[in-house]
Structures are given as C-alpha cells and as structure tokens.
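Chemist: If you read the protein sequences in the order shown, they are chains V and S.
The opening position of the first sequence corresponds to residue 1 in this note's numbering, with each subsequent residue numbered one higher.
The opening position of the second sequence corresponds to residue 1 in this note's numbering, with each subsequent residue numbered one higher.
Any given hint might turn out to be false.
Treat identical chains as interchangeable: a pair holds within one or across any two.
[As the list claims (entries may be wrong)] DMTMM-like, lysine to aspartate or glutamate: derived pairs with alpha carbons at most 25 angstroms apart: (1) Lys567 / Glu54; (2) Lys97 / Glu78; (3) Lys123 / Glu13; (4) Lys12 / Glu121; (5) Lys567 / Asp504; (6) Lys123 / Asp17; (7) Lys545 / Asp496; (8) Lys424 / Asp169; (9) Lys123 / Asp511; (10) Lys97 / Glu81; (11) Lys97 / Glu142.
These are computed hints drawn from the structure, not numbers from a lab.
Number of protein chains: 2
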Amino acid sequence: MRASQFFIATLKEAPSDAEIVSHKLMLRAGLIRRLAGGIYTWMPMGLRVLRKVENIVREEMNRAGAVELLMPAVQPFELWEESGRGPKYGPELLRFKDRHQRDFVIGPTHEEVITDVVRREVKSYRQLPRHFYQVQTKFRDEIRPRFGVMRGREFLMKDGYSFHASFADLEREYRNMYETYSRIFSRLGLKFRAVAADTGAIGGTGSHEFHVLADSGEDAIAFCPTSDYAANVELAEAIAPQKVGAGGTATMEKKATPNKTKCEDVAAFLGLPLTQTVKAIAVMAEKEGGSEFVLLLLRGDHDLNEIKAQKVVGTFRFARDEEIVEALGCKAGYIGAVGFAGRVVVDRSVAVMGDMVCGANEEGFHLTGVNFGRDLPQPATVADIRNVLAGDPSPDGAGVLDLCRGIEVGHIFQLRTKYAEALKCTFLDEQGKDQVMEMGCYGIGVSRIVGAAIEQGYDERGIIFPAGIAPFAVVIVPMNYAKSEVVRTAAVALLDQLLAAGIDAILDDRDERPGSMFADWELIGVPHRVVVGERGLKEGKLEYKGRTDTEATMIAAGEMTAFLQTKLCG
Amino acid sequence: MRASQFFIATLKEAPSDAEIVSHKLMLRAGLIRRLAGGIYTWMPMGLRVLRKVENIVREEMNRAGAVELLMPAVQPFELWEESGRGPKYGPELLRFKDRHQRDFVIGPTHEEVITDVVRREVKSYRQLPRHFYQVQTKFRDEIRPRFGVMRGREFLMKDGYSFHASFADLEREYRNMYETYSRIFSRLGLKFRAVAADTGAIGGTGSHEFHVLADSGEDAIAFCPTSDYAANVELAEAIAPQKVGAGGTATMEKKATPNKTKCEDVAAFLGLPLTQTVKAIAVMAEKEGGSEFVLLLLRGDHDLNEIKAQKVVGTFRFARDEEIVEALGCKAGYIGAVGFAGRVVVDRSVAVMGDMVCGANEEGFHLTGVNFGRDLPQPATVADIRNVLAGDPSPDGAGVLDLCRGIEVGHIFQLRTKYAEALKCTFLDEQGKDQVMEMGCYGIGVSRIVGAAIEQGYDERGIIFPAGIAPFAVVIVPMNYAKSEVVRTAAVALLDQLLAAGIDAILDDRDERPGSMFADWELIGVPHRVVVGERGLKEGKLEYKGRTDTEATMIAAGEMTAFLQTKLCG
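From just these sequences and the hints, can you work out the full model?
Modeler: And the structure:
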C-alpha cells in the first residue's frame, strides 16, 4: 500500500467530548469518525484494524469447529414474544413497525433466530452437536453511549450459539470455547483474564467473562496472581476468616465522639485501629405488604457489596433519615446494633471480631469494647456481604487476591434449555424420545476490542498496537521522496520485497516533513518503522525503529526484509 | 473442509411460496432460510458463496484505487433533511426514533453520510480525487419483497462514492468504474451487459446499469449484438425511419368494421397489413387548472412507451370512456385523429405512413386511405413514443436491435453536485477559491448477484455455479467411507493435497448412499466432483466428473490435483 492511495486523517487535538484515552487516540489517529452519539464511521485506517481482529476471531472459531452463517439484523418481534424476552427487554432494544405495521426489532443478539433455525433444521441426535456463529453489526440503544467504540450503539460482534444432546456435551463445548477464547485474545496480543461471572471456579460454572486488563476498565476484577482464579469484584467471595480466640475481654464503655460519624474519624479520635470499628448500614428490605428495617454490620475498612447483600435480605434500598431515627432513636453516623431488637445481618469478618467499636444509638457517642453474646446477641445471620480487598485470601485457597480493572470483551454462557424450551427446539434421542436441546452462547465484542487494545497499549505519542492488529505492520518513511531518485527507488524496492514476503507494509509517499510523518505513524501505532534516507543508503543501510524503542538501529538494506520477518514472528 | 464439520441442509422440495428458479434452488440447496418476508438467514453453504462474491468485488475495487471504510447502518435523519431527500423518500425508508426521541433511518444508501465525512476531512484540491466504498448490510422496506434474495428487504451491498475537483475527473473515474464493474462481473463468471440508463450511448451519459442476462429478469433490455449498445427498453430510442415517398395515394373511405376494435382484428378483417393500421390512444395530460385531452398515434404493431410519452405531453393518465365520447363523439375502439381539432402526438413511425387505416370516430366504422396533409393536418408534434422492437435499427447505427431480459446487479451514476451542493461539501481550488465537489456513486448488489448467477446457471438437477463463486470448487465423494480403510485413506490424502494446493475442496464424509450424495452436490452446484472408490483405487484411479459433463472420466490418482488445477485455471 502507498499512503497516497490510502487515506490518512490524523488530528492534532481530539474533540473535547472524548473522555478516555482510546476514544481520543482513535479520533486523533483517524481510525473512526463520529456520526451521532455512539455511532461511528470506521475510517480506512480503523477498518483495517477491525478486520484484522475479525479475521483472527474467525480463524480461531473455524479451527474450534464452529460453522459461520449470517442471520438477519432485522428480526420479527413474534420470536421475541415466543421466547418471553421481548416484553422484559428495556428501551435499548430497538423496535419498529414495517410498512405493513408488523413488529420487528434490530436484534442486539440472536438467540431466538438461531433457535428458530435449529428447530427447523435439526431433528435427530445424529445431527448434534452444532455450533453456529456469525460476525455482524448490532445495534443496542444505550441510554448513555460513551467511550467511543467501547460503549457504542452500533457495533460489530461475533456471536456463536451451540446446541447439544446433553449437558455433558454442552460442558465439553464450553471448555472448548474457554480455550478458544483464550487463544483468540492471546493471538490478538492482549493481556486478559477469564473471569467467572458467578462463583469464580473454572469449569463447574455457567458463565465466564473475558476481560482485557486496563486501568480505565469499567469492571473491577479480583484475581489470584498465583492461580487462575478471577472474578468480578461484585461476585468474588470474601471467605470466612479463621475464628481468632473467643472474642474480646474489655468492658463496654460509652465514649463521646462529637462530630465523628465515619469509622475512620472515630478510630483516629479514639486511637484505635480502623479494623476494630464496625459500621452499621440501615436498609429497608422489601417484604410482602411493606418493608422491614434491617441493619447490615461491616468492618470499618470494608465496603458493602450490594449484590451479595441482596442475595441475603432480598431487594432493598437504603433507609431514609426519618426511618433510622424511628427505628433507633438516633440519626446515621452514631447507630449500632446494641439494643436493637430487629433483624441484623453480620458480615463474616465482623462475626469473628471482639472488643468492637460501634455507634451508641445516641448522637455524639460510640461504644467501645462491644462483644457478641454479651452486649448484643450472637449473630443470627452471618453472611458474605462485603467487597473483597487486595490481600484477602483467594477463595480457591491458592494465595491472596489482587485487584485490577478490566474491559469485558468476551462472554461465554451456558444457556442450558432456557431458549430451546420456550421455542420448542427439540430432537429425537437414541431411544426415539423427544428431548429439549442444551444450549450455549459465546460472544466477542469485535469493535470494542480495538478500543480495549488501545487502553492497554499507548504512550504520550499515541497508540502502541500489537503487531497482529496494527493497521499496517511496517511503515516505510522515505526522506525527500519527491526529489531523491535513489531514495524513491530504494523505498519502492523495499515495499515490493516486504509485500512479496507477505508483510503488510505501507510506503509513506506523501512527501511531508519527516517529523510530521514520524508523528503520524507513532500516533497511529504502527509497530515497525523503516526510514530510507540518502545518507544511510550511501553505506547500504536503512534505519529501523520499533514503536517502543528508544533508539533507532541501522540495518543493511539487503537484510531488512529478513530482519522484519524475525521481528514479526517473535 | 469435511462435510461432517460443516452443515448441509438440502431439501427435496422448495416451499411453495418460492416463485422463481433461483429462489427455489437456494432454499433446496440450503443456501438460505427465510426468517420473515424478504428477510433471510444465509446458511453456511450460502454464506460461502456470498463471501466469494464479496471478495471478488473487494479485490477489484481495491485494484481500481478505491479505499474501503465502513459507515454506520443507522443514520441521523437530519442529514436526510439537509440533503432534501428525507421528505421525498417513500415508505421503503425505515425510520425510527431512538430512546431520546431523536429521528434516525436505517440507511438504504449512504450519499449523505459519506458527503458528511468528506466535507469534514477534505478541504483542498490536493486531497482530491477520493473514492471510498463499503460492503454493508442494508435494509429497504420493499412493499412486496419477493424472489428470495433478488428482491429482499435486508441485503448486502457494495456502495462506493467518489469525489472530484472537476467534472472531467469524475468522468475519468466513471470510466474507471465502468471497466472495473465489467472486470468484476467477468471474474464472477456471469454473462452481463452494461445498459445505459438514459440515452444508451457509452461514455457521455450519466448512468449505467449492469444487468446479468436471464429470462426471468425483471428488466427488458434492447441491445445491439454487433456493437456495445444496450439500453433499458423503457429508454431505448426508436430512431426515425427514412421517409418513404410522399405518403399514400388512395382515396379515404369509410368501412364498416363491426365489433372490430383492435388493430389486429381490423387489419385481418380488411385484409390489410397490421403495419398499415394506426391506433389512437386517448390520454388526459395534466395542465394548470385541469387537464387536456390528447390523442397519441402509434402504428398498429407498436406499443406505447409511457416514459417517452410523458417526456412529450407531461404527466398523463388514460382517458375515461365518457371523456373519449365527449371529445370524439365515439367510444374507444373506433377513434382516430381525422376531424379531431385538439392536440395530437404522432409517433415517428406513424409520421412516415401513407394510406393509413384508423378509427372513423363512429362506432363500427374505420377509415382507410387516410393521409397526412389531406385528410388530417401534417402532424404538429412528431416524437419517439413507442417501445423498440427486435429488428429495429440500433440507435448507434451499428446494426439492428435484439431484446433480452436482465437482472440489475450494478449501477454507476454521475451524481454531479446534487449532494455536495446540498451539504456544502466544498474544497479550495488551486486559486484558493471555494468549489463544490463533483460526485459519483457506484453500487453492486452483492446478495442479489448470488440469485442472478443461479438464474443464469441451473439445470433440472440443480444449480450450476461458476467455479469462482461456488461454495466449494471441488467435492470428494468417497464410496463406503465408514467401512473401507483404503477409500478413507485415499480420500483424506486427496483432500489434504487439494487444500495444500489452495483448492477449496470438501470431503463428503457423511457416509450417505452415493446417489444421495451425488444429488446433494449437483443440487448445490459444486463444479467439480471426484469419486473415490475401491474399484478405481485398485487401478490407481479416481473418477472425475464436471457438473455439466455427461460422462465421468477416470484419472490417475497421482495426477488428480494437477488435473483439477488446470480445470480451475482454465
């Protein structure tokens, strides 16, 4: 490729509405252009990246035995009624009526359509298992599209669906996809983690998310660096501490703590460690015919995990000031469980504490030396209701947890018989008996990967793409291209050699200033650069510089192709 | 590829709603499955065909210097208001409101979006010309989708748009695309014609359609077999005949023609040639404040071309019985221009007639021996208002016309400044002056091509695909695959050899009955078949049969790959 026959559209500044690094750099490097909120044109430079990601995904899906097809984007709404999903789906589902007033949706996913295809085509256990996938543009009407292609409304996705005669076979394919996804993200050159979407153990669970690790990620992930445990912090288990001793021995005392409403302030004021304080969080749990005032007790240094708490007390909201005063006779900041006769849920970490510090249910006062079984009853409900912290033991017993942030780029899921049952997708088993198929689904956010890769690879000069998905693997930058015949000849010869060797190279024949060309290609993130200049050529040499190298290297012109081949394979 | 790892879904019978051959065969061969009216899933077998078409289109577009990008399917309606096209577009344009009640469309084409991209990115004549294209799924809400993928609502299209600093440069790119499209359809292995969408002359005109020739085509095309003239019959010019003599010499006579209202019947009844009769067609032409009664005169053997007539008299409708009686005192079937004082439009072929036969404006009577300048005035308006017939002289003077039917699969169009002006897409010329860009657009119906190729290539056994777009180039059909080790080994070895040679082969390892496998692959239209059987292997031979061959040929096993390579290159 020659730059003059391509389209390069770099910008000095990113538009001000771009919030995160990848969004800014994709705009500046001319990979995308905004058409409307969450809707982007993939410019020629960006489309090359998108297609490279798409092709790696396709190659590995084919290798794994899945078969590609292409379902329509437009789907009749009646299928969504049949599955029962239509009425539940929120406004991000784009619905419309056609000119004959029939209801349709622009499908954000295709469980219904593929199940409809399979129930018509597959009748016997002999035709199972089946795994179909597609790479398709999808639309999801996000309420607040942001972060460029990371949370766009129109996006490219790979979605696959597998059908099985037994749960055991679904589990086999699920493992196959777990490995396939790991291979895909490795080939894409990304640092990633497979994260259990529920309990965190690989294998036995029904769902894993694949996250690209990046500080800007929307998801907090807990992982064990010494094992393959990883889970969303929302779900990662804080295991019960070993019981230390039989609680405390101090006498309960009431201490004045004027204007100290936070555990941190109370601990500092009393000269006690934060880990000895207990925070009481008042919530109103839904109950038939009304709601119930419940106290949740957490250690002062821990944060409430609402999802876990919901599993214990059901749907809840935080209590309002007047509800707290009514239940405890005191406003928030000084409340505690001592003397409270209602329902109390105690976090595992609190259950093993002794000589606790907690609110006295009297404004301006806290209690010290509080102990279960003496100052308040032994806890009736002990549960894991907090977020894990770095340093907590890993639930798999293989070390301690660390925390990081991730961008979800893949998701595999055991759907089991949810859709197959609703849509009557059955097969005749070996005994000639009608059985409902087991189903799995497997998604990869192809366009999102481009953004995620940039969040993981950039510096102050621009994008640092992994070689496999860079728009070009090599850029040839000639000095004085228009005027120097010797430079022109050498540059074109090198381009021809690289293309003949199957290396995706571009020759920048725009004849711009060298600094401007260098800046463009560093911004775009091409991993390898060769400068062709008269001075070097006199000595038979070309200048090589990797995108992250601090120094350039002179390489004999005749060896450059082999040199780059080694770089690209390594 | 092995059949067991793929998905073959042939049907004995096509669903009864499939009207044309390609639709029936695509369903029977398992290329597509219907989801809703005009909306189809591309099954694995069909998707392979679609992708091969798409890739040939892409390769040739790239070779022609166009640059690929990908615009969003969803477009803000405001761009359509800016271009002025939105309000005019009919109900086939799918509009919707997003969750914030903003208006969007699912773009059936992308003139507005690309013009918006270019007006932001291209500022100077130095950045011109530019040609961007995309391959994208489109939606058009056809009132009556039919013929499978030939007139579907959701379809895959290549749409390209070029921008130029001058009309001359647009014309250059238009010729480039004319040649590129010709190359694309040739590589696809299709018989096609480039058809002038207006006057029929190549080069000077602003629009050409590319038609695949097939009897089932929706468009009638007039073409000259001895030149490259081709035009839609709607537009093909019937050139003026050479004036023969000075009209007729017979005396005008009134003849009783009871119940003879058609020219054919009148001619037969009077024993005169049909070409001597004149039919008068009464129409009401729109006029300010009302309408005008106009007579159109055509030779008895000619058909009215309404599009041409409209260019002469403006918008019109056919006159109602009472209007005819009021104007001529007689009902249709016996009307003529003799004695009529109103407006008369005379077809070129009528203007040179003498001794004409026409209606007497009296029920049951016709006139013979009618001549211009004596029995009625010399025609005030002579125009081409008829359809051409096979045998008419070609307008380019290079022979006589023939007629055929075609399926439109491509369209190139000089948009000129229509969109660029509306959207203020300008550039600074060499003098620093603001100029509106000249624009061309170029479309190819990728999914429609699959149907068109089948309309052109089929027999009683199924599809006959051109080798370049067949789902597989070669199928290996082993006899007794499950039980015969020697067959299995030879079949797998051949598959490996063919794949290594870059030949897109499939091994049918389903172990079905030979007749059933043969029928499947003939239905699917794979061009080359190799049968691997024990009997042949004993002599070191394999059986080859081309899809259209009547006899199979035995080929030495070791020469099969080279043999097929020759077949595929030839």
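Chemist: For each hint, tell me whether it holds in the structure or not.
Modeler: Hints versus structure:
1. Lys567 / Glu54: within (23 angstroms within a copy, 33 angstroms between copies)
2. Lys97 / Glu78: both (12 angstroms within a copy, 21 angstroms between copies)
3. Lys123 / Glu13: Between. Shortest inter-copy distance 18 angstroms satisfies the 25 angstroms Cα cut-off; intra-copy 58 angstroms does not.
4. Lys12 / Glu121: Between. Shortest inter-copy distance 13 angstroms satisfies the 25 angstroms Cα cut-off; intra-copy 54 angstroms does not.
5. Lys567 / Asp504: within (13 angstroms within a copy, 32 angstroms between copies)
6. Lys123 / Asp17: The answer is between: 23 angstroms across copies meets 25 angstroms, while 53 angstroms in one copy does not.
7. Lys545 / Asp496: within (20 angstroms within a copy, 41 angstroms between copies)
8. Lys424 / Asp169: Within one copy only: 19 angstroms inside, 60 angstroms across.
9. Lys123 / Asp511: between (64 angstroms within a copy, 18 angstroms between copies)
10. Lys97 / Glu81: both (15 angstroms within a copy, 22 angstroms between copies)
11. Lys97 / Glu142: both (20 angstroms within a copy, 13 angstroms between copies)
Violated hints for the displayed structure: none, as all numbered hints are satisfied.
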